[in-house]
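Could you put together the complete structure from these sequences and hints?
First to last, the sequence lines map onto chains A and B.
Going letter by letter, the first sequence gives residues 1 to 167 in the numbering used here.
Going letter by letter, the second sequence gives residues 1 to 541 in the numbering used here.
Any given hint might turn out to be false.
Distance windows between CB atoms, simulated [claimed, not checked]:
hint	chain 1	residue 1	chain 2	residue 2	range
1	A	Arg18	B	Gln60	51 to 61 Å
2	A	Arg41	B	Asp281	46 to 56 Å
3	A	Pro54	B	Asp321	27 to 37 Å
4	B	Glu446	A	Arg60	27 to 37 Å
5	B	Asp24	A	Glu157	51 to 61 Å
6	B	Arg121	A	Tyr20	53 to 63 Å
7	A	Arg153	B	Glu18	35 to 45 Å
If you are wondering where the hints come from, they were derived from the structure by calculation, not from laboratory data.
Cβ atoms here follow ideal geometry from the backbone N, Cα and C, with glycine treated the same way.
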Amino acid sequence: MSYLKLLKVASEVGRVTRRYPLEEGLVTEYFRGAIRIDPTRCWGCGACTLACPPNALSFRVDGDEVSVEYFIGRCIFCGRCAEVCPKDAVEITREFEYASTNLQGLVRRVAQKASRCRLCGRPVGAEAEVRSVAEAVRLVGGFAGICPDCRARLLAEGLARYHPRRA
Amino acid sequence: MELSQEAVIGKLSELGVEVEYRDDGSIFAVVKRDKVRAIARSLYELGAYFMTCVGSDETQLRGYLSLYHIFGFDKLGLRVVLRVDVPRLHPSVPSIVAEVPAADWCELEARDMLGIDVVGRPVKRLVLPEDWPEGVHPLRKDFKYDTRPPKQLPQPEVGKEVGLPLGPYHPALHEPEYFEIYGRGEVVEDIVYRGFHVHRGIEKLAESERMTYEDIFYLAERICGICGFVHSSCYAQAVEKAAGVEVPERAEYLRSLLLEVERIHSHLLWLGVVAHILGYDAGFMHTWRIREKVMVVAEVLTGSRKTYGINTIGGLRFDIDRGRLAKALSSIKAVREGFTRFLGIFLSVPQIKSRASGTGVLSRSEARALSVVGPVARASGLYRDVRKDYPYFAYREVSFKVPLCTEGDNLARIMVRVEEVMESIEIIKQLVDKLPGGPVRGRPREIPPLRKVVAAVEAPRGEDVHFLITGIRRPYRWRVRAPTYQNIPALRAMLRGAPLADAPLTIASIDPCFSCTDRAVFCDRSSGTCRSIELRRLAGG
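So, in structure tokens, the structure goes:
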């Protein structure tokens, strides 16, 4: 009959089920939950969208706006975005209650003003990024605001001026 | 003759095989098609276990499809990889199932996924679904990973009765396994397994342009919902071997530690399920109450209860500080105390012993022939443990014993796992005690293409094998062989001639991530009737 000792264990342990949501402490302080992107820090470079394994983060260019879109429905809470963010704009929170009555409730967007190429006018990325890069790396100077195609053309034209016969 | 590495190489050259020895303890050899059976037989007779076989489409490289047979000499810590080249136009290769019964499934899988015809054995579709068109082989390189070929529906037989498949095909319920149990009266005569209902094409996805080496850690971790860290660690081991990356000691210790945490929670989960199947639900709840602490330990250490997301090439993504480790250690000690106390009660329940002892017996010779792995092998008296045989990470630095039983019944499998929980707790204590300082991530190195490596990690359910052929930015071929793949074929041996009521416990005893939604079709051969029943109901008698 020694298996009846379980009754003693049970009475000592008591109730272990938490009264959710009335009781706190469902997750520990170390829990890795949804991310939050700080719009004042994010410069819209999209590094996180490249690092994200399940493509929960995506980069969109929409007219005069570039945005990083976070879809919690795909997120696997690995925190790689926070690891690669050059501006420490991604914060890993302890949030785990995402339930929503519609799909849009699972989407969070951080939008930036798009910067247009000074020469051809096509969008080249976020204005904040272009400005910050130009400030951080003096050498880049005015080239930061020019799209890669125009930059290639400028270079070709420059070389042609330097070696006119080869052009 | 004493078995030694030289003896193995000698035997192979006697058979006319040129071997190439690699310093990671593996031998690679190219074998002619007509010789593969003889060579497989002599390796198996020499005492090798069969790990798996891997089909690979190498037409872009050498103009052949290839089939790799991987053997392991556990006592020598030596792996032998035989490569058979198969011309794409007439892709046939002799089967080695007669010599090596354990090769049954993987040969069929290579046939399905790559169109390598295995001749000299009965064949059927194993992995691909019934409505998949003939002649389309998804792991061929000319098959794009996101293609969906038109369904080819099998001709339905029109009858008066309509059968409704219920349960095993339901993709939302976990672990859709399906067993057809053939019986005479109450005695099981044969058991047919149908699986792969939720084949996710992970291997194909990994070699697609969608993935990089770095992304695959997260993919690998999602192969299994219970021992995901095993898969990401095994993949890490493969990539690190291929690239020659040095992993810092601290990272190796922490990986071992997390692997043991995972083993404890997995074994406790399983023990709870066993209690539940035997109708001892109080035991189930208390096991899971104790297990919950282990889940929290994982969260404290890594930030996540299950998918740890901490592995990366060359070590860990972040360090685990002393505060976290201390918290984890005190919880683990509490788990030990609680579990020891509960175990005495659990094993004194008369029904547990009477239902588990002498049922589902797997003899040592059958276990050997099928090359079963993990606790299933150890309960049948086979001393097999990757942690001892092919030491990896920090397992050389800790002392622990490998629990062994010889009875081969369900009780033996319970006892082996119970003792393993205790051993794992001791390993964790030693690891925390000896944990060296320093960085947790080595210097990244370029991963050279077309390196071939075999990696293995001892999962809670046994040996987990990853075979990797490196490519550019991502694997060229990445083959995963989970332990249950090797153990399910042993169920036929365990159940033949057993009473039907033992089937649920025995099926659960190999720990196949069992779920209560499993259903079985029970066909009574003496009366010719079939009926569908829940496995759980069977257990109730």
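Cross-check of the supplied hints:
{"no.": "1", "hint": "Arg18(A) <-> Gln60(B): 51 to 61 Å", "verdict": "holds (56 Å)"}
{"no.": "2", "hint": "Arg41(A) <-> Asp281(B): 46 to 56 Å", "verdict": "holds (52 Å)"}
{"no.": "3", "hint": "Pro54(A) <-> Asp321(B): 27 to 37 Å", "verdict": "holds (28 Å)"}
{"no.": "4", "hint": "Glu446(B) <-> Arg60(A): 27 to 37 Å", "verdict": "holds (33 Å)"}
{"no.": "5", "hint": "Asp24(B) <-> Glu157(A): 51 to 61 Å", "verdict": "holds (55 Å)"}
{"no.": "6", "hint": "Arg121(B) <-> Tyr20(A): 53 to 63 Å", "verdict": "holds (54 Å)"}
{"no.": "7", "hint": "Arg153(A) <-> Glu18(B): 35 to 45 Å", "verdict": "violated (57 Å)"}
Of the numbered hints given earlier, the model fails hint 7 alone.
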